[in-house]
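2 protein chains.
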Amino acid sequence: MLDNYTSSLTSAHKKFLEKLFPGGVAFDPEVLRVYASDASLKVGTVLAVVRPENSDQVCEFMRWAETENIAVHTRGRGTSLSGGCVPTIPGIVISMLGMDKILNISRDDFVAEVEPGVSTAQLQEECEKLGMLYPPDPASAKATSVGGNVATCAGGLRAVKYGVTRDYVIGVEAVLPGGKLLRFGGRTHKDVIGLDIGRLFVGSEGTLGVITKLTLKLIPKPEASASVLVGYASLDAALASMGKVFAAGILPCAVEFMNETVLEILTKTSEVPWPDTVKSLLLFQVDGSNDTVPFENARLSHQLHDALWRMEGVGKDEEDKIWAYRRRVSAASYVLGPDRIGGDMAVPRGSILSAVRRFEKIAASNGKRLVAFGHAGDGNIHANLHYDASDPDDARRTEKTHHELDAAALEFGGSLSGEHGAGYLKDVSKQLGKDEHALMRGIRRVFDPKGILNPGKGY
Amino acid sequence: MLDNYTSSLTSAHKKFLEKLFPGGVAFDPEVLRVYASDASLKVGTVLAVVRPENSDQVCEFMRWAETENIAVHTRGRGTSLSGGCVPTIPGIVISMLGMDKILNISRDDFVAEVEPGVSTAQLQEECEKLGMLYPPDPASAKATSVGGNVATCAGGLRAVKYGVTRDYVIGVEAVLPGGKLLRFGGRTHKDVIGLDIGRLFVGSEGTLGVITKLTLKLIPKPEASASVLVGYASLDAALASMGKVFAAGILPCAVEFMNETVLEILTKTSEVPWPDTVKSLLLFQVDGSNDTVPFENARLSHQLHDALWRMEGVGKDEEDKIWAYRRRVSAASYVLGPDRIGGDMAVPRGSILSAVRRFEKIAASNGKRLVAFGHAGDGNIHANLHYDASDPDDARRTEKTHHELDAAALEFGGSLSGEHGAGYLKDVSKQLGKDEHALMRGIRRVFDPKGILNPGKGY
Chain A
1 MLDNYTSSLT
11 SAHKKFLEKL
21 FPGGVAFDPE
31 VLRVYASDAS
41 LKVGTVLAVV
51 RPENSDQVCE
61 FMRWAETENI
71 AVHTRGRGTS
81 LSGGCVPTIP
91 GIVISMLGMD
101 KILNISRDDF
111 VAEVEPGVST
121 AQLQEECEKL
131 GMLYPPDPAS
141 AKATSVGGNV
151 ATCAGGLRAV
161 KYGVTRDYVI
171 GVEAVLPGGK
181 LLRFGGRTHK
191 DVIGLDIGRL
201 FVGSEGTLGV
211 ITKLTLKLIP
221 KPEASASVLV
231 GYASLDAALA
241 SMGKVFAAGI
251 LPCAVEFMNE
261 TVLEILTKTS
271 EVPWPDTVKS
281 LLLFQVDGSN
291 DTVPFENARL
301 SHQLHDALWR
311 MEGVGKDEED
321 KIWAYRRRVS
331 AASYVLGPDR
341 IGGDMAVPRG
351 SILSAVRRFE
361 KIAASNGKRL
371 VAFGHAGDGN
381 IHANLHYDAS
391 DPDDARRTEK
401 THHELDAAAL
411 EFGGSLSGEH
421 GAGYLKDVSK
431 QLGKDEHALM
441 RGIRRVFDPK
451 GILNPGKGY
Chain B
1 MLDNYTSSLT
11 SAHKKFLEKL
21 FPGGVAFDPE
31 VLRVYASDAS
41 LKVGTVLAVV
51 RPENSDQVCE
61 FMRWAETENI
71 AVHTRGRGTS
81 LSGGCVPTIP
91 GIVISMLGMD
101 KILNISRDDF
111 VAEVEPGVST
121 AQLQEECEKL
131 GMLYPPDPAS
141 AKATSVGGNV
151 ATCAGGLRAV
161 KYGVTRDYVI
171 GVEAVLPGGK
181 LLRFGGRTHK
191 DVIGLDIGRL
201 FVGSEGTLGV
211 ITKLTLKLIP
221 KPEASASVLV
231 GYASLDAALA
241 SMGKVFAAGI
251 LPCAVEFMNE
261 TVLEILTKTS
271 EVPWPDTVKS
281 LLLFQVDGSN
291 DTVPFENARL
301 SHQLHDALWR
311 MEGVGKDEED
321 KIWAYRRRVS
331 AASYVLGPDR
341 IGGDMAVPRG
351 SILSAVRRFE
361 KIAASNGKRL
371 VAFGHAGDGN
381 IHANLHYDAS
391 DPDDARRTEK
401 THHELDAAAL
411 EFGGSLSGEH
421 GAGYLKDVSK
431 QLGKDEHALM
441 RGIRRVFDPK
451 GILNPGKGY
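Chains A and B supply the protein sequences, listed in that same order. Residues in the first sequence are numbered consecutively from 1, following UniProt numbering. Residues in the second sequence are numbered consecutively from 1, following UniProt numbering.
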């Protein structure tokens, strides 16, 4: 691993980049500022931004970057909440948004081949036009690229039934430091020859190579869906109901929860349809055929008979109205403070209630409120803390709470991150054993001996 | 990597093993003979068999084996069809069948923790008693261990809807050469901290470590299922029907196909219920709730209106009668010859028909018949060749055909193996690029610098 990365570009460096990326390179500080940060709002130092349009350019760039000891930070749409795209070690940002094509979508193979910069929502849409579904559905699908989803193994709303990004990546083409382009997997849904390196790229946070092409598995698009928002007197009652749904053999495609603080915020910031007795919400979606969805919906409703209130919707338009309450949570939470530290811990599913209650207590002991919602079916808790960064005491207490929440998640046998990744913000050594961590770093060195890829990020 | 492995055990070696595994070690050639082979019928050389009962013994053994330069071949139930368990380099077989406990199955977490030696069928059964499903369902579930399934990323009958073994492994505990016990993942359904090493173990064919514990994701058990066996005049007509099913948005949990040769064999070896006009079969299964399965079944039947003949069954007893025809294929195929070379190539789903036709031509050009059946929904073709090993010309032509089939599978963008693994029999260099292969071996060295784990196998 390098001790010293090149910390400024010579004019020879700049000439090389200008020649390799005609019209696709920037050194202007105004432009670089955009690429110095991501949705985490942490800021790093960018020496240049390059925007390849084909894999040949990526190969040549990676050959050069390794020789020149230059750190390379691969970037999609920069929506990382954990600082995964921030050049904390000064380097060149390689924006993959110039490689954003859908290369093909096959109704025969149920496979899509895409460049990494393609918008997740666009891919979903194109697949659906052809009667197919690309199931990974991060809440941020409209804002993210598939390459970014792969780098973080993005989860999302349908994960409880359909799994996460990892489960749909069957082929990866990537360029390694030194400039070699490697291909793993392909268009077959199954392949057990050799180690499954393609999937190792999923969730690797830009540390193994620059992905230049992805082959994704698709499934038939379900004909119909229905959603139900159900209200309970407490999160305890809500999660008890959820347990009954799974015990009855129902596998919804989405199960979201919102704690009491979320309902307070929603009530405070807008008109809400539920009565005052409702303090916690669950949101379910089921899918299937036009014939079966009404039955699935009825079976689900039967298990939710304890609910104090419910709002049902069948089909996109009606469901969108219901989901709007869930979508409003993040923005509405800013009434608690203009700044935010977000958590996305995962715990074993049966521990969600205890974990949220524990998190709330920790927050309260620091004079903070906990906004807790997320993917209950996966045990994935968005535990957000709002504060005012201009108030040093608030900032300190919030930071302290955040670290205590992470520690508590681990006590439940959980993970510091269910979908955002470690990025720059998570101290993975709290979760990973020393030997396990060393092994991961050993593997990283096989791909990237000098450590030029997204250094300081991941693990 | 070692050039020379210890090729015989000294009395000090034997004493060490007897002390570490009281009552759990064998040197008797009669016993060792059993462990020298697997379902591939290839034979290797076993220096000793050990049977640990806990992970402490595995740690101590692996510390010692690395120091003593002894090759270690991990073994479950020895059902590998590709020689994955055969000690082609003489070494010690570590049988994991002494660690076969189900440690816990949680209805709250939808997680099972098991030791690797547990029988797949037993785990499935115990989960189902609790209303949960462990979806991976290799056709050989009754004969296999979960650890063996993980080593090969076993697929099976339900993969088209539920995925393969990889998709259900969320935690792996394994002992590496040198004796360190490492833990990756755990009981959370989602975890994106660090590289996904747990899943790298899936399909690693015993080359990365000795797995001592597995944490598996479960799903709610569907209430009901239905199967339909449908007959067509040709495989062409059958697969055209399958295409319509997927295009209609139906995701069956199983889609099996059988080519014309299979039907000839079934007709020759037993009474069959279909008319003579039927030359190819598809077998579908759908699952869901008691209410929805009849609708799914009707929707499926509607897409299969082209079929010449059909046999439907709802519920286990009726379905078992239907599936019996599929299960009979392997055994019945021996009418074509007492010896077998099995193939389990995967191709992109849309290429199954062309691939099977190509395989048949290759077989015919060598004077052979091709038995082709398998998991059509995954593009996974069991392409079996039967012959008489006592006839050298037949054996030679069969071997030649087998290699030509492998080459043809790759021309379709396929894989040499969809579920059996490379083991000892597959020449992975035909499929893997040189750089990709070198990278995999580099990763292997991170886990196992001396190369004592299942040397000569995998990749």
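Hints listed in this document are in silico derivations from the structure and should not be mistaken for laboratory results. Please note that the accuracy of each hint is not assured.
Each pair may be met inside one copy or between any two copies, as identical chains are not told apart.
Mimicking EDC-like on lysine to aspartate or glutamate, the simulated pairs with C-alpha atoms at most 16 Å apart in a straight line are [as the list claims (entries may be wrong)]: (1) Lys42 <-> Glu125; (2) Lys14 <-> Glu436; (3) Lys161 <-> Asp427; (4) Lys213 <-> Asp100; (5) Lys19 <-> Glu53; (6) Lys180 <-> Asp435.
message: Checking each numbered hint in turn, tell me which of them this model violates, lowest number first.
response: 1, 2 and 3
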